[in-house]
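Asks: We have chain A; now place chain B onto it with these hints.
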Amino acid sequence: MGEHQTEPTTYLAERAHQALAEDPRTATMDIRVTVTEHTVVLSGSVTTHERRIAAEEVVREALPGYEILNRMIVGAYPPPEETERVS
Amino acid sequence: MIRIAAVGDIHIGTDSAGVLRQQLERLPDQADLFLLAGDLTRVGDPAEAAILADELASLRIPVVAVLGNHDYHGDAVAEIEAVLVRAGLTVLEGDAVTLDLGGTRVGIAATKGFGGGFAGATGSEFGEPEMKAFIRRTKAHAERLEQSLSGLEADIRIALLHYAPIRDTLQGEPLELYPFLGSYLFGEAIDRAGADLVFHGHAHKGCEHGVTPGGIQVRNVAQPVLGHAYGLYCLNGDSEDVAVAAAASPTAMPSGRATP
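Order-wise, the sequence lines are chains A and B.
Going letter by letter, the first sequence gives residues 1 to 87 in the numbering used here.
Going letter by letter, the second sequence gives residues 1 to 260 in the numbering used here.
Extracted from the complex, chain A is given alone in its bound form (with noise of 0.2 angstroms):
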């Protein structure tokens, strides 16, 4: 159980979001973060493996005590195939 969830969620969904565009091992503000009474999820795409551990470490410290769901997926972005003509 959260010992946070007291609080409004709107409060704590923004301090992991915070935590995660600070904290130097994730410094992103690009995932999303849903607090419910008892959970986190995380949702979302970053590049690597470590990146994904990374993000639920730093919610976990951030929200002690919540359940983290780390529905984060790990891709790289393909090469484009198509060029667009300007001018």
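Calculated directly from the structure, the hints in this document are not laboratory data.
It is possible that part of the hints are untrue.
[Unchecked claim] Chain B is nowhere near these chain A residues, computed Cβ spacing over 12 angstroms in every case:
(1) 27
(2) 44
(3) 47
(4) 82
(5) 87
[What the hints assert, rightly or not] Facing chain B, according to a computed beta carbon distance under 10 angstroms, are these residues of chain A, among others:
(6) 28
(7) 65
(8) 76
(9) 77
(10) 81
The beta carbon of each residue, even a glycine, is placed where N, CA and C say it ideally should be.
Replies: Relative to chain A, chain B alone:
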């Protein structure tokens, strides 16, 4: 014809070795020039820049970069620039470069840029010292961009930024974030100086296509926006088609370096 590849917000970390190299395998056959629109690193660590340099080592085309806010985080901008320059990149901030790509002169003027907001919802140089310093910094970057872009003598002129110069390419971002994503002052500077194409990054949830109020095409090439490793753009120059860019010879403009 000039073929330009561009991307921003690649956020190379110490865990990224090999990722970008694989993504860029086809790039030398697709483009004559590669532009990097800032946030090259994750936390502004020179070790991250060294990994980027390794990833770009096999590219046979000119690479021109501007840094982004993440690249400033570690207070090691000079070291990051040095690593990239040693690897053969041209790193610009408040200045410009002209490349001769097979007889077509391609000029690139660049600045990281900064925030402040867009017409109708902008910050002002008024009130607390911190607020005045914020907007003053944006104005200084915009003035340098206008000067360096105006000074380019080239067949094709490109403006390269990290922060957004228009609000069009922010569509998809929360409105509350707009003042932190760019400033109309850069669009105004570009419209005054003139350009053929503008690239920026920073707005990961924005959209790719936009136009300045003066009618200049703008592309948000943040990698999450593109959904690809980089974007490819084709521009007509004044000369015949360019077949090989490997012999491109960069010529630095004599403009000075602005304080970031």
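Asks: So which of the earlier hints does this model not fit?
Replies: Numbers 1, 2, 3, 4, 5, 7, in rising order.
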